[in-house]
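Visitor: Chains A and B, in that order, are what the protein sequence lines are.
Numbered by our numbering, the letters in the first sequence go through residues 1 to 318 in order.
Numbered by our numbering, the letters in the second sequence go through residues 1 to 229 in order.
It should be emphasised that the hints constitute simulated quantities derived from the structure, not laboratory data.
Do not take every clue at face value.
Said to hold, decoys possible - Ranges between beta-carbon positions, derived for each pair:
id	chain 1	residue 1	chain 2	residue 2	range
1	B	LEU32	A	ALA126	53 to 63 Å
2	B	ARG216	A	LEU247	29 to 39 Å
3	A	ARG154	B	GLU15	30 to 40 Å
4	B	ARG14	A	ASP35	20 to 30 Å
5	B	ASN220	A	ARG154	54 to 64 Å
6	B	LEU32	A	THR117	35 to 45 Å
Stated by the list, open to error - Some chain B residues close to chain A (C-beta under 7 Å, calculated; not the full set):
id	residue
7	ARG47
8	GLY104
9	GLY111
10	SER115
Said to hold, decoys possible - Just a sample of chain B residues kept apart from chain A, beta carbon distances all over 12 Å, derived:
id	residue
11	ASN17
12	GLU33
13	ASP153
14	GLU161
15	SER185
Even glycine gets a Cβ: it sits at the ideal position worked out from N, Cα and C.
Below are the chains, spelled out letter by letter.
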Amino acid sequence: MCGIVGLHLKNPGLQPRLGELLTQMLEAMTTRGPDSAGIAVYADRDPAPAGNEAGPGPGQPGQHSQPGQELRYSLRSDETIDWDLLAKRIAAETGRDLRVEPLGSDSAVFVSSAAETSFLAAVRRAAPQVTVPGFGRSMVVVKDVGAPAAICARYGIPGWGGYQGIGHTRMATESAVTTAHSHPFAPAADLALVHNGSFSNYATVRGRLARQGIRCDTDNDSEVAARLVAARMAEGADLADGLRTVLKEMDGFFTLLVTTRTQFAVIRDSFACKPAVIAETPDYVAMASEYHALAGLPGITGARVFEPMPEEIHVWSR
Amino acid sequence: MEPVILSCAELSTREINAALAALPDGASARVLEPRGRHNLAVGLSNRVRIDIEGNAGYFIGGLGDGPDVVVHGFTGWSVGENLQAGSVRVEGNASECAGASSRGGTIVIEGDASSRAGISLKGGTILVGGNVGHMSGFMAQAGVMLIGGDAGDALGDSLYEAVIYVAGKIASLGSDARIEELTESDVRAVKALAELGGASFGHVQPENVTRVASARGLYNFDALKDQKY
Chain A
1 MCGIVGLHLK
11 NPGLQPRLGE
21 LLTQMLEAMT
31 TRGPDSAGIA
41 VYADRDPAPA
51 GNEAGPGPGQ
61 PGQHSQPGQE
71 LRYSLRSDET
81 IDWDLLAKRI
91 AAETGRDLRV
101 EPLGSDSAVF
111 VSSAAETSFL
121 AAVRRAAPQV
131 TVPGFGRSMV
141 VVKDVGAPAA
151 ICARYGIPGW
161 GGYQGIGHTR
171 MATESAVTTA
181 HSHPFAPAAD
191 LALVHNGSFS
201 NYATVRGRLA
211 RQGIRCDTDN
221 DSEVAARLVA
231 ARMAEGADLA
241 DGLRTVLKEM
251 DGFFTLLVTT
261 RTQFAVIRDS
271 FACKPAVIAE
281 TPDYVAMASE
291 YHALAGLPGI
301 TGARVFEPMP
311 EEIHVWSR
Chain B
1 MEPVILSCAE
11 LSTREINAAL
21 AALPDGASAR
31 VLEPRGRHNL
41 AVGLSNRVRI
51 DIEGNAGYFI
61 GGLGDGPDVV
71 VHGFTGWSVG
81 ENLQAGSVRV
91 EGNASECAGA
101 SSRGGTIVIE
111 GDASSRAGIS
121 LKGGTILVGG
131 NVGHMSGFMA
141 QAGVMLIGGD
151 AGDALGDSLY
161 EAVIYVAGKI
171 ASLGSDARIE
181 ELTESDVRAV
191 KALAELGGAS
201 FGHVQPENVT
211 RVASARGLYN
221 FDALKDQKY
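Here chain B stands alone, though its shape is the one from the complex:
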């Protein structure tokens, strides 16, 4: 089936999202001339493939529960925010808060992600081929991140159960994040994640990544204890 063509030069964001939501499972669509448009392919629950043909704005693919969205360019803040299922792939860089609060599905950033990538992650998978900025993985509760490049300051601050694998250098760990020994099951997991990420993760050596997880010192709130927030 030929993809449906929708152009941002002619249609409002609502018109585009309504047209995408009306697609039957298995259909595909191309969104042309995004020119930094926000909120494209948001809130979709059908199993469709959407190609955004250029640089896009904020919240791309957010709240998705099924579709596979590919951005052939870079994105602004909060790509794939609150993703439930399906995937969002960005061929360029992504700005701040990539995959924030996502509960499921996979977000792949082939380039760099900026600060606060994976903030408050709740079960989703975030794969970044390049670097991530400061405070990535902040308060991440569940899910996994693989960072192919370097991580900025305060990585994994106040982590809960999410695990972060870093192939490059870590500028600094956040409060209550710690480096843990890599197990065989970690190596297998990273290998699978790198394969899922594709060519931009070809340089990742699963046995040489760093595993970052919670030290559980801040896990339970205790007002009487000497807290180290």
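The shape of chain A in the complex, shown without the other chains:
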């Protein structure tokens, strides 16, 4: 099955509660797939005013920050890593200062103003066992094998603030249960995708992407959709057009929730084979596979609750 959830806040007053609400939503979806889980959280990373306790999640930008130029790389390793040592090597290789924000023992966020390609190449050279679940100006991604409650608790996600976030809890059908095969898939800066369903022609599309020089990290079907959206957006498509490409080129069952730094979008396949419920209030847009993930949100009784129609693309922007 798989469960997906997402929260796009319109009211900045709710931002300190983003992680708490997202965790509660994701935990409610555990029964749809308890084998692995992940989240992507977006927060404004510009320096917060002094004394602001509603921090933007892991790590405040430090004194070296040059807002708009730095990218935050979510790193992860199943082997023990000396993150500070790795940071020094990558800083030396890229010729750019690098800041480390610890994130549990197996993960870290590296903040660097190096060019994206040079940073990612430096990680591959210095520590091939380290993966990069996601990167961007605003987005941090964590994912792991296990149940959502344990994963969210380990990374302290209930304490994270932010303006939008998505989550996924997985019941694997198309590929192995590993951290790398877990969602979200975030192949481009600030782009994250979670998927409930299964694609059937993903090997064909993956081959087509490979011929364009786009490689997947895993043999997962959902990663192909994420790479396809990223590829179209790199060519200049907006998010809705990127999602239209999935409808056109990919066969299968899907409800997709896809986010960028400014947008939050939902699409369902032509038969609406997989569930999706959206609740909108003046304070937020929330999406989940099932309503009971939304039932605990503040103001839900006054929300407009609806199910997207097949092939409809719903996009919200901040």
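Since the structure of chain A is provided, determine the placement of chain B on it from the hints.
Guide: Just chain B now, kept in the frame of chain A:
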């Protein structure tokens, strides 16, 4: 007799369903704070009245063989699935597969139902005050549906003996479904169904509905024939 009060905030689904199953015929119960809970009032065979006081999840009232269940809110997928007897009434909208495979009893959706409403219907009655989504009535074998609003694409695809009445527009018919002439007995049947549905069906004009039934082209499988699935 005062209704028994059961709260989803305090009880598991199994505890609630066990308590409902233990009620004597003629008793009633109120299920509070459902908050989207699945599988409430499932598999009951007693003649009881159950009010679910809010929005509920999947399979509400499924497999029922006697009880009358009313949901004061909306429901998720497959409300009243496999109903045998009794009724399930949803005051709001229902998600996909409402009344799937139901063999008897009555399912009333006062709002809209989503896609695949009445899929594989086997003899039950499904009344939808509003619209239904695509592929409603798919492979319905027996029973009747009344749709007070519009029907989505591929209505009644591969129908067998079930009949679908639509008061509004039909986006498209599915394979082997056809529109048939309305007879006097149809008008009488629709009038009775609208009365059974209640106020949400007050706008239905029995003499102006569209009757959809099987064209029987796919009725028997013939591997050698040019099939049009």
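Visitor: Confirm or reject each hint.
Guide: Going down the list of hints, with the structure as the test:
1. Taking the beta carbon of each, LEU32/B and ALA126/A are about 58 Å apart, inside 53 to 63 Å as hinted.
2. Here the CB-CB span from ARG216/B to LEU247/A is close to 35 Å, well matched to the stated 29 to 39 Å.
3. A beta carbon spacing of about 31 Å between ARG154/A and GLU15/B agrees with the range 30 to 40 Å that was offered as a hint.
4. A hinted range of 20 to 30 Å holds for the C-beta pair ARG14/B and ASP35/A, which are about 24 Å apart.
5. The beta-carbon spacing between ASN220/B and ARG154/A, approximately 60 Å, falls within the hinted interval of 54 to 64 Å.
6. One distance hint, 35 to 45 Å for the beta-carbon pair LEU32/B and THR117/A, is violated here, with the actual separation near 57 Å.
7. With a least beta-carbon distance of about 29 Å to chain A, the hint placing ARG47/B at the interface is violated under the 7 Å criterion.
8. For GLY104/B, the shortest C-beta to C-beta distance to chain A is roughly 27 Å, which exceeds 7 Å, and the interface hint is violated.
9. A least Cβ separation of about 11 Å between GLY111/B and chain A goes past the 7 Å threshold, and the interface hint is therefore violated.
10. Because the smallest distance between the Cβ of SER115/B and any Cβ of chain A comes to about 6 Å, under 7 Å, the interface hint for this residue holds.
11. Every CB of chain A lies more than 12 Å from the CB of ASN17/B, the least distance being 17 Å, so the non-interface label holds.
12. With a cut of 12 Å on Cβ distances, GLU33/B falls inside the contact zone with chain A, its closest approach being about 9 Å.
13. Remark: the non-interface label on ASP153/B conflicts with the geometry, its nearest Cβ contact in chain A lying 9 Å away (cut-off 12 Å).
14. Against chain A, the non-interface label of GLU161/B holds: every CB pair exceeds 12 Å, the least being about 25 Å.
15. Distance to chain A confirms SER185/B as a non-interface residue, since its nearest Cβ pair spans about 35 Å, more than 12 Å.
Hints 6, 7, 8, 9, 12 and 13 from the earlier list are contradicted by this structure; the remaining hints agree with it.
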